[in-house]
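In order, the protein sequence lines correspond to chains A and B.
Taking the working numbering, I'd label the letters of the first sequence as residues 1 to 209.
Taking the working numbering, I'd label the letters of the second sequence as residues 1 to 209.
Hints listed in this document are in silico derivations from the structure and should not be mistaken for laboratory results.
The beta carbon of each residue, even a glycine, is placed where N, CA and C say it ideally should be.
It is possible that some hints are incorrect.
Okay, the calculated bits of chain B under chain A, using three or more residues with CB under 8 Å as the criterion [as the list claims (entries may be wrong)]: (1) 6 to 19; (2) 62 to 72; (3) 181 to 187.
Subject to a maximum C-alpha distance of 30 Å in a straight line, what follows is the list of computed DSSO-like cross-link-like pairs (lysine-lysine) [as the list claims (entries may be wrong)]: (4) B:Lys68 x A:Lys194; (5) B:Lys29 x A:Lys44; (6) B:Lys46 x B:Lys189; (7) B:Lys136 x A:Lys189; (8) B:Lys108 x A:Lys189; (9) B:Lys3 x B:Lys194; (10) B:Lys68 x B:Lys53.
So the chains spell out like this:
2 protein chains.
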Amino acid sequence: MSKVFVNIGLSLDGYMAPEGMTMGKPEYKNWGAKWGAMMGWLVKQKHFRENLKFGPGGDTGPVNDLVKRTMERIGANIMGKRMFDQGEVAWPEEAPFHTPVYVLTHTKREPWVRPGGTTFYFVNDGPERALELARKSAGGRDVRISGGADVIQQYLNLNLVDELEIALAPVLFCGGRRLFENVREPGPKFGIDKVLAGPDATHLRYVRQ
Amino acid sequence: MSKVFVNIGLSLDGYMAPEGMTMGKPEYKNWGAKWGAMMGWLVKQKHFRENLKFGPGGDTGPVNDLVKRTMERIGANIMGKRMFDQGEVAWPEEAPFHTPVYVLTHTKREPWVRPGGTTFYFVNDGPERALELARKSAGGRDVRISGGADVIQQYLNLNLVDELEIALAPVLFCGGRRLFENVREPGPKFGIDKVLAGPDATHLRYVRQ
């Protein structure tokens, strides 16, 4: 069966998003610079640059291989409404998913088909139903819980996350949206699977035990 | 000049201590088991076992070497009153520091000399004064900010931490004392220095930039 995984960038102080990120322009509370400092390692990778049509060049080392393997394994994405709302105005016309994307929301809306293979489906029946749909459409590939933090927390609380992949960057946000918040006791159990020490982030991979 | 460093165990969700740790016996909110799961890697190491007279045996690999180097570099420790109060009743007669220890407190108290080279000094004049005294007594070796979280946060906010060493264990505490809380903008700047991937914890070393 396809795996359910999380793959995110995290600040050293545990934030997925700096304060102000959902509130306005990149200058607001300096969130753009903070986000850039956390995700700088990704923007350098050849595979990521190709996927977002950032132009030629980019790193081709083990971090790039990791990014490529991660992208290729995804058969469907699940995300929250806030992440979708931000992306709807920020993603390019060809949204960078190239899979079905299930958006957890209370809003009813028809599927939104984008060029390049991304279709957004709006699911009103909760995270378990979204996962059921995502699995069906993933065609044997894996399901990524894309974010935001609150959606990842819902799946952690349902103990449905098989693999947790964190790119831990040495930046302090000093505020924002924490990845680990509202996770209820006893919490899921993870073990260390792999560590890849990149120059700008440490790539930590945990699997459910 | 001697370096100021932090070397701590951290849960994957960012806690230095599980909820309830300062409140009672290890059964309380299961904090003893949680703490044990986070620090299990350390208790296995030969050098740590020798230092605490836990008996013979123990791992002798790269993690043990790391523990040994860390212990040997410490010329003085600084800790908060809460950590001291807990330790005062829990440490063995020969407290496991073997250096001067500066305790940040409002309480006035004469130095407390323990067998084995540990003397606790009670400093009433704040973290900068404690560091000044610690540096003087460290004899060229380094000063460790031992904890708790609030004391580490004070030194982070003063931008006095040269090196941040974190043993990140794949356990979720779901509550407790967070390492990164109350750190004020813009926060200190760290870069990745070294990563040692142990089987039970990932040893992350950051240096101030």
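Original post:
Looking at the structure, which of the earlier hints fail to hold?
Top reply: Violated: hints 2, 5, 6, 7, 8.
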